[in-house]
Amino acid sequence: CINAPAIDPCLYIPRFAHMLEFGDKNHEVSMTALRLLQQMKRDWMHTGRRPSGLCGAALLVAARMHDFRRTVKEVIRVVKVGESTLRKRLTEFEDTPASQLTIDEFMTIDLEEECDPPSFIAGQRKIKIQQLEKELSKKLEELEGEITSYQDEIENELENSRPKAKGVYANYSKDDCIEDTISSIFGDEDGEDEELAAAANHLNMDFYNELLDKDRSKEKEISVRPSALESLLGPLPTAASLGITESIKECILTKDRDHNENTGDGELDLSGMDDSEIDMYILNDSEARIKAELWMKENADYLK
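All the letters of the sequence shown, read from the start, carry residue numbers 133 to 436 under the working numbering.
Think of the hints as simulated: they come from the structure by calculation, not from any bench. Here the structure is a predicted model, which means the values were calculated and not measured. Treat the hints with care, since some could be wrong.
[Stated by the list, open to error] With a straight-line Cα cutoff of 27 angstroms, these simulated BS3-like cross-link-like pairs (lysine-lysine) come out:
| id | residue 1 | residue 2 |
| --- | --- | --- |
| 1 | K258 | K220 |
| 2 | K260 | K270 |
| 3 | K212 | K173 |
| 4 | K220 | K260 |
Whole structure, please, built from the sequences with the hints as guidance.
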């Protein structure tokens, strides 16, 4: 097994910086990128990583520090790595103490203390998350137990606060005796259905018999009443004795007479009216013209 030595990413910085075309500041950007790579090495970001990803992250940060707006896609096109890899290297560098320094402080101060490797930090985070999940699950179980105990207490209090049945219904107040009492009173379901059907038939027959008896008694009363009234009041009046037929005939004759009078030859009956009164209802030429104009204006929409 041959263990090849790790390639120093600093060897690729000049070539990648030239391909990104920084112009006169190519050397300055390269030196800043090399300084960033040295800090990444001290923070254990270099071990087990491809050098192209570290070079891309260092060049992107160095370009921003020197006011060059190089996008992530432009850097990826040069260093030949994936976008997720480049962003992961930037995120790992963000977790180091060097990322909290200003540009002047970073260029003048050399941090001697080392940061833990990113894989170790990720493992510690997973352990902390698992511990928090366990603590939360324990707390949730405790809370659920407290809630259930409170619910039991509330149900017991409600059960005790309910009014208790007295007298005959006291035997049926408990829940555990309800089914037994019902079965003992009404018996099985089949027997209960038969008893209900028999009771319904019996009640229906009694009801029908009562109705028939009432109808017969009413008919007897109706047949008895006329004879009783005649014996007390004498013969009852009829239409002929009251003269109703003659009054009806007279009303019919008067209606026919009025109808014949109204349907004459169509001439107006002007008797009893003076000439001056008749002249008041007749319009002269100017009044007739004004009325015609008003009528035309009011009905203009219908005449179109």
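For each hint, the structure was consulted:
Between the alpha carbons of K258 and K220 the distance comes to roughly 17 angstroms, so the proposed pair stays at or under 27 angstroms and holds. Our distance criterion of 27 angstroms between C-alpha atoms is met by K260 and K270, whose separation comes to about 15 angstroms. A distance of roughly 21 angstroms separates the Cα atoms of K212 and K173; the hinted pair therefore holds under the 27 angstroms criterion. Between the alpha carbons of K220 and K260 the distance comes to roughly 21 angstroms, so the proposed pair stays at or under 27 angstroms and holds.
Going through the hint list in order, the structure satisfies each hint without exception.
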